[in-house]
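Go ahead and model the full structure; you've got the sequences and the hints to work with.
For reference, the chains in residue letters:
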Amino acid sequence: MKREKLKEIARQAMEDMAQEARFRPEDHQVLLKHKDRLLALTDELVKAFYDTLFATPNTRKVFHEGERPEREKTLRDWWRRTIEGPVDEDYWAWQAYVGLLHVKRVVTNPMMLGQAFLIENVVRRHVNEPEVVEALGRLIATVAAIIAHGYEKIQLLSVEETTGIGQDLIRTNVRIGVEKLLEE
Amino acid sequence: MGVSRQVELQEVIRQLRQAVPEITGVMVASTDGLSLASDLPEAEAARAAAMAATTLGLGKRIAQTSNLAGLEEVVVRGQSGYMVVYSAGDKGVLAVAAPAGANLGLIHLEARGAAQRIAQVLG
Chain A
1 MKREKLKEIA
11 RQAMEDMAQE
21 ARFRPEDHQV
31 LLKHKDRLLA
41 LTDELVKAFY
51 DTLFATPNTR
61 KVFHEGERPE
71 REKTLRDWWR
81 RTIEGPVDED
91 YWAWQAYVGL
101 LHVKRVVTNP
111 MMLGQAFLIE
121 NVVRRHVNEP
131 EVVEALGRLI
141 ATVAAIIAHG
151 YEKIQLLSVE
161 ETTGIGQDLI
171 RTNVRIGVEK
181 LLEE
Chain B
1 MGVSRQVELQ
11 EVIRQLRQAV
21 PEITGVMVAS
31 TDGLSLASDL
41 PEAEAARAAA
51 MAATTLGLGK
61 RIAQTSNLAG
71 LEEVVVRGQS
81 GYMVVYSAGD
91 KGVLAVAAPA
101 GANLGLIHLE
111 ARGAAQRIAQ
121 VLG
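Keeping their order, the protein sequence lines are chains A and B.
Be aware that the first sequence starts at 1, since it is given in the working numbering, and climbs by one per residue.
Be aware that the second sequence starts at 1, since it is given in the working numbering, and climbs by one per residue.
In short, the hints are calculated from the structure, not lab data.
Do not rely on the hints blindly, as some may be mistaken.
As the list claims (entries may be wrong) - Straight-line Cα separation of at most 30 Å, BS3-like style, residue types lysine-lysine; simulated pairs:
#1 A:K5 x B:K60
#2 B:K91 x A:K180
#3 B:K91 x B:K60
So, in structure tokens, the structure goes:
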């Protein structure tokens with residue numbers, strides 16, 4: 001998938017979010033200010049993240065045998081890039097790409113959202129200054145919104161690609177279907 | 001859509017019904033599934049338009065991926081009748097319902113002409 005398309009998906013998700021809830025450049029300055037403390041949490045964060053996933057049958061089955069070290073490295077890299085930056089269009093496009101990978105790996109949005117809040121909780125156990133909590137909250141909300149939006153868009157694009165049924169038509173079908181379901 | 005286009009599309013439907021009286025329903029929809037003109041009850045029109053456009057989209061993709069060249073029409077044959085969906089240019093879809101035993105050749109002949117007229121109306 002082309003990077004420009006991923007950037008567009010990320011932009012759409014961020015535009016749909018209320019400005020107060022969306023990550024902003026000042027938030028990244030806050031994360032940078034507390035960089036050392038936040039990066040020091042990497043091991044605990046990665047362990048908590050994958051211990052949780054591997055302890056739950058539905059999320060454990062997403063992974064192949066022996067895959068955990070590779071996935072842990074990905075999360076470490078994500079955390080480092082998130083704290084160190086740059087948090088720019090390429091960073092947000094990467095989050096949209098995660099949505100694409102989630103569709104492929106059948107990682108559902110409930111699985112993703114649960115883990116997003118887990119990251120926030122791990123950090124809050126150690127760092128509870130309001131400015132960090134708020135910046136982190138907006139970061140997690142924005143990342144989760146982009147992944148969820150990416151997940152939805154990728155499914156629509158995939159259906160369009162396979163069936164030739166355009167996205168406007170899919171939306172029309174959904175609208176009609178919803179009206180019918182509401183009548184039931 | 002303007003009133004004059006609506007009138008023109010209704011005239012195409014009327015002529016088609018007149019040419020093949022055994023036709024039981026006609027729907028003209030946009031390719032994104034909105035009803036443009038129909039002689040179906042209003043309650044059914046929205047769903048029929050979306051279904052017709054979906055059928056056309058899927059038919060085009062099947063024709064393309066199966067190397068069948070351009071799609072002519074999609075024929076759905078049930079135990080009690082037919083639903084035939086025609087492409088009407090880039091923007092339109094024509095769906096025609098007929099009972100079992102209807103003269104499908106005559107329906108194709110008239111409906112393909114109607115689809116061309118609809119394509120002209122929709123520009």
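Hint check results:
1. At roughly 25 Å between alpha-carbon atoms, A:K5 and B:K60 fall within 30 Å of each other, so this suggested pair holds.
2. Using a Cα cut-off of 30 Å, the hinted pair B:K91 and A:K180 holds, with the two alpha carbons roughly 26 Å apart.
3. Only pairs whose Cα atoms come within 30 Å are accepted, and B:K91 paired with B:K60 is accepted, the gap being roughly 14 Å.
Violated hints are absent here; each numbered hint is respected by the structure.
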